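Keeping their order, the protein sequence lines are chains A and B. Anchor point for the first sequence: position 86 equals 86 in the numbering used here, and the numbering is continuous, going up by one each time. Anchor point for the second sequence: position 93 equals 93 in the numbering used here, and the numbering is continuous, going up by one each time.
Please keep in mind that the hints were generated in silico from the structure rather than gathered at the bench. Values in this document were obtained by computation on a predicted structure and should not be read as measured data. Using N, Cα and C, we set each Cβ at its ideal position, and we do this for glycine too. Not one of these hints is a red herring.
Covered stretches of chain A (in silico footprint by chain B; criterion: 3 or more residues with CB under 8 Å from a CB of chain B, positions within the stretch not fixed): (1) 44-56; (2) 127-134.
Heads up, simulated DSS-like pairs for lysine-lysine below, C-alpha to C-alpha not over 25 Å straight-line: (3) B:K106 / B:K185; (4) A:K67 / B:K135; (5) A:K234 / B:K135; (6) B:K106 / B:K91; (7) A:K152 / A:K67; (8) A:K234 / A:K152.
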Amino acid sequence: MGPMDADQMDADQTSGPGLNRRQLLKAGLGVGGSLLLGGCWADGYGEDVANATRPLNERIEAWMQSKGPGPEFPRSQVRPEELLINSFNGVPALDPARYRLQVGGMVGRPLSLDLAALAALPQREMIIRHICVEGWAAIVAWGGVRLADVLKLAQASNLGGYVYFDSADGYYESWDIASAMHPQTLLATHMNGEPLPAQNGAPLRLATPIKLGYKLSKWVTAIRVEPTLMASRKGYWEDQGYEWFAGL
Amino acid sequence: MAVQHNPLWTRWFHAFDALVLLVMAGSGLQIYNANPVFGGRGGATFPPLLTLGGWLEGGRFWHFGFMALFALNLGIWIGLLLQRRRRHLAKIADLVSWRGSQNLAKRRYSAHRLIYTLMLIVLGFSLITGLAMYKPVQLWWLSGLFGSWQILRIFHFATVPAMVALVVSHGVLSWRIGGLSLMRKMAA
Numbered sequence: 001m002g003p004m005d006a007d008q009m010d011a012d013q014t015s016g017p018g019l020n021r022r023q024l025l026k027a028g029l030g031v032g033g034s035l036l037l038g039g040c041w042a043d044g045y046g047e048d049v050a051n052a053t054r055p056l057n058e059r060i061e062a063w064m065q066s067k068g069p070g071p072e073f074p075r076s077q078v079r080p081e082e083l084l085i086n087s088f089n090g091v092p093a094l095d096p097a098r099y100r101l102q103v104g105g106m107v108g109r110p111l112s113l114d115l116a117a118l119a120a121l122p123q124r125e126m127i128i129r130h131i132c133v134e135g136w137a138a139i140v141a142w143g144g145v146r147l148a149d150v151l152k153l154a155q156a157s158n159l160g161g162y163v164y165f166d167s168a169d170g171y172y173e174s175w176d177i178a179s180a181m182h183p184q185t186l187l188a189t190h191m192n193g194e195p196l197p198a199q200n201g202a203p204l205r206l207a208t209p210i211k212l213g214y215k216l217s218k219w220v221t222a223i224r225v226e227p228t229l230m231a232s233r234k235g236y237w238e239d240q241g242y243e244w245f246a247g248l
Numbered sequence: 001m002a003v004q005h006n007p008l009w010t011r012w013f014h015a016f017d018a019l020v021l022l023v024m025a026g027s028g029l030q031i032y033n034a035n036p037v038f039g040g041r042g043g044a045t046f047p048p049l050l051t052l053g054g055w056l057e058g059g060r061f062w063h064f065g066f067m068a069l070f071a072l073n074l075g076i077w078i079g080l081l082l083q084r085r086r087r088h089l090a091k092i093a094d095l096v097s098w099r100g101s102q103n104l105a106k107r108r109y110s111a112h113r114l115i116y117t118l119m120l121i122v123l124g125f126s127l128i129t130g131l132a133m134y135k136p137v138q139l140w141w142l143s144g145l146f147g148s149w150q151i152l153r154i155f156h157f158a159t160v161p162a163m164v165a166l167v168v169s170h171g172v173l174s175w176r177i178g179g180l181s182l183m184r185k186m187a188a
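Isolated chain A (complex conformation) (with noise of 0.2 Å):
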């Protein structure tokens, strides 16, 4: 109703003062039967209005992403049903004996590793709200080891803008190293105080409150730092067509 009568509005300015009755019914039929075309017609513009709103949006964007870290939450607000399972290729098999964290690239000291080498490392237990660009969220509690903890110890080179993730499903990501190094950003093992579950990444996942959920990869498995972002690899959604920044 509401979409009808705006566009009616359009067609009447098309159509110049001289109208009468008969002509304004025949524009306003017109109108109605163009909507349902003119709506699938005007859906294959949506990129070029996103390259045209982008460098203002990413401005605000970046004005707000400068401002302290994100909200906690209490643990009893952890409501673990409205956390939803996404996977575009079904849950990888991996043997946590034989799991290994690869990270590498610009990094001074590439690194190989195991979950007792990750479970040495200091431990961080954050309840943050996980958030879907699908539009729902869930309060979740992750544990384990902070990002920017881990790209210290292997040296990451400050050449290097970019952190590349990639999963043992096939799932791949590209992040800025801002958000990467956030002291929210965590490779987590845990969820809601229990190991993570296999649907969830186990044993190894990003958690972060500052980006959506589809750049929090699952089944982490190897971690590399690039001093470019490779625009035809930015991430399997992205690559797509997703935003690529993706913060929140």
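Since the structure of chain A is provided, determine the placement of chain B on it from the hints.
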């Protein structure tokens, strides 16, 4: 017959309002469809006729692309109405005359003012709830006011049917007051 039009800028602003609201509503419903507020996965979705963007990210492109225009539009609108508040913003007296006045014209003007004022409240609310979901990390204090994410989503979505109801009332009332001639003055 020559029509005495409303000032050009009024007509343009009116069309601009309509366009921005149309884009925000259509793209918002597209985003809604990715995970319906009511029913979640498997919940009822809106037909493509009412959505804009074609897919989730397309809807987000339009929604976030127009959000600054929406805020600007709302700001100008509120500014204009505040400047002419004595003619356009509702007062308690309008509620009284809308309910009980014998004077038809008075009753209609009261109804008009009530609708304008409610529109601004609804759109302001839609901007606030939208911001609370767009930047829940930096605006945690704003998002926190709503209690839970689901309540926030319901409130943000509810502004769409509320605006549809107000726009329809606005259209019906305008037609009753000025008929085709008023429509032409404003839209043609």
